[in-house]
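Undergrad: Residue numbers (numbering that gives the first Met the number 0), protein chains in the order written: chain W, 0 to 127; chain A, 0 to 163.
The hints are simulated quantities; they were obtained by calculation from the structure and are not laboratory data.
Since this is a predicted model, take the numbers as computed values, not measurements.
Wrong hints could be hidden among the right ones.
Claimed, not checked - Derived lysine-lysine pairs resembling DSS-like cross-links, with alpha carbons at most 30 Å apart:
{"id": "1", "chain 1": "A", "residue 1": "Lys112", "chain 2": "W", "residue 2": "Lys116"}
{"id": "2", "chain 1": "W", "residue 1": "Lys2", "chain 2": "W", "residue 2": "Lys73"}
{"id": "3", "chain 1": "W", "residue 1": "Lys49", "chain 2": "W", "residue 2": "Lys78"}
{"id": "4", "chain 1": "W", "residue 1": "Lys69", "chain 2": "W", "residue 2": "Lys49"}
{"id": "5", "chain 1": "W", "residue 1": "Lys116", "chain 2": "W", "residue 2": "Lys49"}
{"id": "6", "chain 1": "W", "residue 1": "Lys116", "chain 2": "A", "residue 2": "Lys77"}
{"id": "7", "chain 1": "W", "residue 1": "Lys47", "chain 2": "W", "residue 2": "Lys69"}
{"id": "8", "chain 1": "W", "residue 1": "Lys78", "chain 2": "W", "residue 2": "Lys103"}
{"id": "9", "chain 1": "W", "residue 1": "Lys116", "chain 2": "A", "residue 2": "Lys88"}
{"id": "10", "chain 1": "W", "residue 1": "Lys103", "chain 2": "A", "residue 2": "Lys112"}
As the list claims (entries may be wrong) - Partial list, derived from the structure: chain W residues whose beta carbon lies under 8 Å from chain A:
{"id": "11", "residue": "Met14"}
{"id": "12", "residue": "Lys16"}
{"id": "13", "residue": "Thr87"}
{"id": "14", "residue": "Lys108"}
{"id": "15", "residue": "Pro109"}
{"id": "16", "residue": "Phe110"}
{"id": "17", "residue": "Thr111"}
The beta-carbon is built from N, C-alpha and C at its ideal position, and this holds for glycine as well.
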Amino acid sequence: MGKLRVLIVDDSSVMRKIVERSLRQAGLDLGEVLEAGNGAEALAEVNKGKFDLILSDINMPAMDGLEFLKNLAKVESAKGTPVVMITTEGSEARVVEALSVGAKGYIRKPFTPEQVKERVTPLLRGGQ
Amino acid sequence: MSSMLGRRAETQTQLDPHWKGILECAAIEVFGMMANAELRVPAEQPEQPQGEQTAMVGLAGALCGMITVRCRKEAAVKLATQMLGEDAKSNPSMVGDALGELCNMVAGNFKSKITSLADHCMMSVPTVIWGEDYVMQTVQPNSGFQFALEYEGFPVWFSLVTHT
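Chain A with its partners taken away, still in its complex shape (with noise of 0.2 Å):
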């Protein structure tokens, strides 16, 4: 267990400006390519992040930290029906796996579009919350960023908290 932490101490890679652009381009293709929905840069940024269901996957490794997608239950309800069929529309634990899958893509996408990541990063299992009232509150010091896609009108939230 120390060797892995001390290797880990020695990879460690620091957040990088440029992983926004790169968020953005898996997580359209993931939700084009396994949802077949469309997401789209929205004219302007919605100012605070909503939405009542949240999936979250972990990092470990050479960059630890979180990513999130968060939207309306509406829009992950459309999302999983896309994805499952119908029997999703009246099934609440079938629509928080499908975004706890989506996340759990994008994640694995956004890290294998970056060389330092790839074979040097490790995800967990995703998770779902569902609600809206909650903080979430991550080791400091931390940095990161988030941004709204648009899909069908709904705006999908997905950010990125590092540890650093």
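Bound-form chain W, shown alone (with noise of 0.2 Å):
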């Protein structure tokens, strides 16, 4: 498997740069890696590009993570493409709802790339 592109959704900037720096830590091989502030954003970059890897945080605003995976579920191209959302929700009622709609699995903050990295592996093609 070539190298992987990567949609971070997280409306905190701070955010998407430490789940960046957690993948490559975890030695994961990154090509492209694209960022959005929410899932209005996040949903327009999958519809301009396929992505290997999309992990979105659930609580932002103009569209939540719920909200985009439900959205993102429609979109032909994306179909396949494994999401992972990252969270500090004690909630597991908003757990359990990302992965009844469509969610591969979630990490809780805070995390180390190493829990990055055994949560993201078997979802890739080819385990990277």
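Quick one: dock chain against chain with the hints and give me the complex.
TA: Quick look at the structure:
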């Protein structure tokens, strides 16, 4: 498998940077890494091109992570793209809802690069 | 709205003295995992909170109040650099955002460790104050606690204030 094209969705620019750093520290072979500040921006990116992996926050303004997942399911070209939710939420209900509408896994903050690798690697084609 | 408030009143959680230890543990975990920063319990608690940077996150629902993190600018810059890289040194906005995100994660980690709060307490987005010359006044009656942990010789102050 070639370099991974990744989309990171979070309203916090700090968190987007931390997630990217964690992916790199975890040893994933990253290619283009794009960022979106909410679900609506993320959908716009998804409609422009295919990603190997999407990491998304749950709580965001404009369009939250759950709404993003529901809309993503309607995008033909995104079918099969694994989405992993990243959340501060203590709420199990929100995580369960995310999994029920298409998320393939979740990472709870705080997290280490090793934990990110553990959650993400099995979802990638070729299991990088 | 009124039904939400009614529901909140039914499930209001009172401040528990054990929460100080839980907040301390949440802070140590978050700073360690997300900023590679080791926080230690100081031999002696400093007397008064000091520091030019304060981040705060509001809580609503089963617990109404605020969690804050406060430290000196040097400590905030060091933390931000460890989280985001060298760019943060020359970018005050990144430093503020980093402290705000740390506060956000400490608050989230804290509430996830308390069953009665996990599903029933909402958090605001973080706010960051620059400067030392301020007084924070919260709605009375209130209660809470504060403590300092040490990060590379700098005190980092944490507080929880709840509206009772």
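Undergrad: Among all the numbered hints in the text so far, which are the ones the structure does not match?
TA: No numbers; nothing is violated.
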